[in-house]
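Trainee: Given these sequences and hints, build the entire structure.
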Amino acid sequence: MSCASPCTTPKQVAIPADDGITPEMYRKIDVIVAAHKDKPGSLIPVLQKSQEVCGYLPHSVQRHIAKGMKISPSVVFGVATFYSFFTLVPRGKHVIRVCLGTACYVKRSEEIIDKLKGELGIKVGEITQDGKYSLEAVRCLGACGLAPVVVVGQDTYGDVAATKVMEIVKKYE
Amino acid sequence: MAKLTIADLKKIKEEYHANQQLREGGFTAKITVHMGTCGIAAGARGIMDAILDELNKSGRKDVAITTSGCAGLCSKEPMLTIERTGEAPVKYIALTPDKARKIFTEHVMGGNAVKEYALVVGHETTY
Amino acid sequence: MICAGTGCVANGSLKVKDAFDKELVARNLQNEIKVVLTGCNGFCAKGPVIVVYPEDIFYQQVRPEDVSHLVEEHFIKGRPVQKFLYTPPAKKDAIPVMNEIPFFKHQVLRALRNRSLIDAEKIEEYIARDGYMAAVKALTEMTPEQIVAEMKRSGLRGRGGAGFLTGLKWELCLKVKGDIKYILCNGDEGDPGAFMDRSVMEADPHSVLEGMIIAAKAIDAHYGYIYVRAEYPLAVHRLQLAIDQAKERGLLGKDILGTGFDLDIEIYQGAGAFVCGEETALMASIEGLRGMPRPKPPFPVYKGLFQRPSVLNNVETFANVPPIILHGADWHASLGTEKSKGTKVFALSGALNNIGLVEVPMGIPLKTIIYDIGGGIKGNRKFKAVQMGGPSGGCIPESLIDTPVDYENITKTGAIMGSGGMVVMDETTCMPAMAKFFLEFTEDESCGKCVPCRIGNKTLLTILERITNGEGREGDIDLLLQLSQQVKDASLCGLGQTSPNPILTTIKYFRDEYEAHIHEKRCPARVCTPLVKFKVNEEKCKKCGLCYKNCPVGAITWEKGKVASIDLEKCTKCKTCIKNCRFWAID
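Chains as they are written, first to last, in the working numbering: chain P, 492 to 664; chain E, 14 to 140; chain B, 3 to 589.
Please keep in mind that the hints were generated in silico from the structure rather than gathered at the bench.
Here a beta-carbon is modelled for each residue, glycine too, at the ideal position from N, C-alpha and C.
Be aware that one or more of the hints could be misleading.
[To be verified] Taking lysine-lysine pairs in the PhoX-like style, the calculated list, with each CA pair at most 25 Å apart, reads: (1) B/Lys575 / P/Lys614; (2) B/Lys577 / B/Lys535; (3) B/Lys572 / P/Lys608; (4) P/Lys655 / B/Lys551; (5) B/Lys256 / P/Lys530; (6) B/Lys249 / E/Lys16; (7) P/Lys606 / B/Lys572; (8) P/Lys606 / B/Lys537; (9) B/Lys139 / E/Lys23.
[As the list claims (entries may be wrong)] Which residues of chain E face chain B? A few of them, derived with a C-beta cut under 10 Å, are: (10) Lys16; (11) Leu17; (12) Tyr29; (13) His47; (14) Met48; (15) Leu86; (16) Glu100.
Mentor: Structural data, given as structure tokens:
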């Protein structure tokens, strides 16, 4: 797993001093924690649902969850950074995911990533200045029949050519 | 819904078996749109919409529409299967909504399979 | 020949076959007349359909009780039986039938038996195709010992990759005393290029639940988890629906079908970590911890989830269980090879014409899968290798294309059966770059717990990076071989023990490519950009101008009848010209 401690965290766009987590969001997290905290092994579902609420898991949210579940913040941090599904930095309005599975690799999905990096001016794991897009490389999505595959938001695109990928991305405003 | 007993289970099996064979279900044709992840990503929802639209326009009540998972041939998605009562099922491949509309008119309504879009006739082997 | 297409099977063709087998033995004709099951002829409405060769006589709608009469008349007296005769309609450029299309002809669906036939979201449709009948049999007629014995006799081996005997695993867990045991399903299909389990969970979720019910009875577990990776939202959705329906109808929960047996099953969604496919890591993940493997023993059948005895099987394994219980161990063992019984599902992808999911009897030659089912290599390219087993597996070259596909023979090539991903590569794939791709994967997915995997894989990757960057050194190949062996020997779990396999097999079969990269600073497949010269080879160039027409930045000059040339000042090294050149004329 990629380590998300400060040493390798991609250069992030400065997160505003207030990290965008509203009291309303905290209330929702409290409900989630209350529903799960007595069941063993529920930290991951709690983090998944909290990320759905907040969009990402900043340290403030992690500490809040740790307190609610009566576990050490380091355990929460350890789990949140271990699994690639969790993100500690905000995501763009539209998340662009490029599949890097074998079948997509054989069909040159790396060239798609290179193209997107160049056009958007960001690296994998980063978000554009205007907050519109973030770029991620993902593990095999199991849609190998359509390789190479790009997912924007909830929509899956198959047989994507590096030269045409920006046409797809531009559809998302 | 009531819990099942073993006898209920066997009854469902008998009833649905007949239905699947289309014999006593009152249907003259069944359309299966294959909707696994691949199929959906390749546009199966658009195919489904086109078929539903054609069915509405036709006013037919004796055509069953259903979905199933992956049909196995991802590179030829989206696919659908048409089965008319008393005939072997026909699998169509690499569809667009327009092709699906044509298949509905000519095969489901008219009884003539559309050769140029069809891949294969029959069932897969299970034993 | 008796049709074994789904349509004819539903009409009882297998019972007709049994009747034939018995009748022929009774008349001592079993050596003269051979009964064979075949694929569909497309006369499904007339099923079961039987074809007699060499006369080519078709019989339709034959019932088991007719068989005796048919054998008597046709085979003894030589008179075809009018009553069942069927004259197929004349063929005039009709649509081909299943049996004529290689993609379907070589497949036998067992784990995928309900493929494209049922609506995954309707439990009744599953029940209609014998669904939950095996669970009924297991819950009412069989003891745990009998279930275990049947599974052992069937020879079913775990379909997740390692190929451990399923029945044996259940037996070990059955013998452990414990008030709480867990039955777990591994749906964390992380190998890139594998999508068998996703398809089963999406298309036939009840078959997984039924397999788990039978296994739970066999080991005396009353609680189960299905661990599904987060990348498969549709599979999670359909499994959840299936669980809800099964609970509502009393097929899960307390007192299943009034038999007194209890089983609850819950879905646990993964959060994106490849290593969680490893059993002890998967269990740690369900416990809410970081998914890190731990040393074995103790094995999970003794101390698994929450320190309780647990059995973990893969999705495809569970899907195979109900028909084995229903039709018996002999039925399962009737297909396959001596040590690898039954069928295996493979996910075909890469440079093939037909990409998709196929289920074939074990022991089928690799060549049949690639050329007949897969339809051969796409475009004007040549087959180079097939990658099996994902990051733990290896590449099998063209010289071994006749290898029968079973656990033992695939292992001999240096690859592994794995969970069933087959990625086919043509000559445009660079093998050292391919090995680098897999090492990037394992280096990233290594959990970091043990040193050989954490640092060894990183070092292997560094060496591969310099080779593909054109900075390879003398001795790098030997260094790779030596370090690979050490990582394999010393790592804690399956991830590190297998991660060097892609390197070892590519060196074994494609050493010349490594040498070209290191000694000649040349990438034969023109993949490693730093090693591509972007210069037109005047001898190979056929002066067709395709490169000129396709160059997106206008860096190529060409005139009719003249060799093209590339202006390196303008060239962005996008390789569009290489992809379009049909003659490998750009160095």
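Trainee: For every hint, state whether the structure bears it out.
Mentor: Evaluated hints:
no.	hint	in the structure
1	B/Lys575 / P/Lys614	holds, 20 Å
2	B/Lys577 / B/Lys535	holds, 11 Å
3	B/Lys572 / P/Lys608	holds, 20 Å
4	P/Lys655 / B/Lys551	holds, 17 Å
5	B/Lys256 / P/Lys530	holds, 20 Å
6	B/Lys249 / E/Lys16	holds, 8 Å
7	P/Lys606 / B/Lys572	holds, 17 Å
8	P/Lys606 / B/Lys537	holds, 23 Å
9	B/Lys139 / E/Lys23	holds, 12 Å
10	Lys16	holds, 3 Å
11	Leu17	holds, 5 Å
12	Tyr29	holds, 3 Å
13	His47	holds, 6 Å
14	Met48	holds, 9 Å
15	Leu86	holds, 4 Å
16	Glu100	holds, 6 Å
No hint from the list above goes unmet by this structure.
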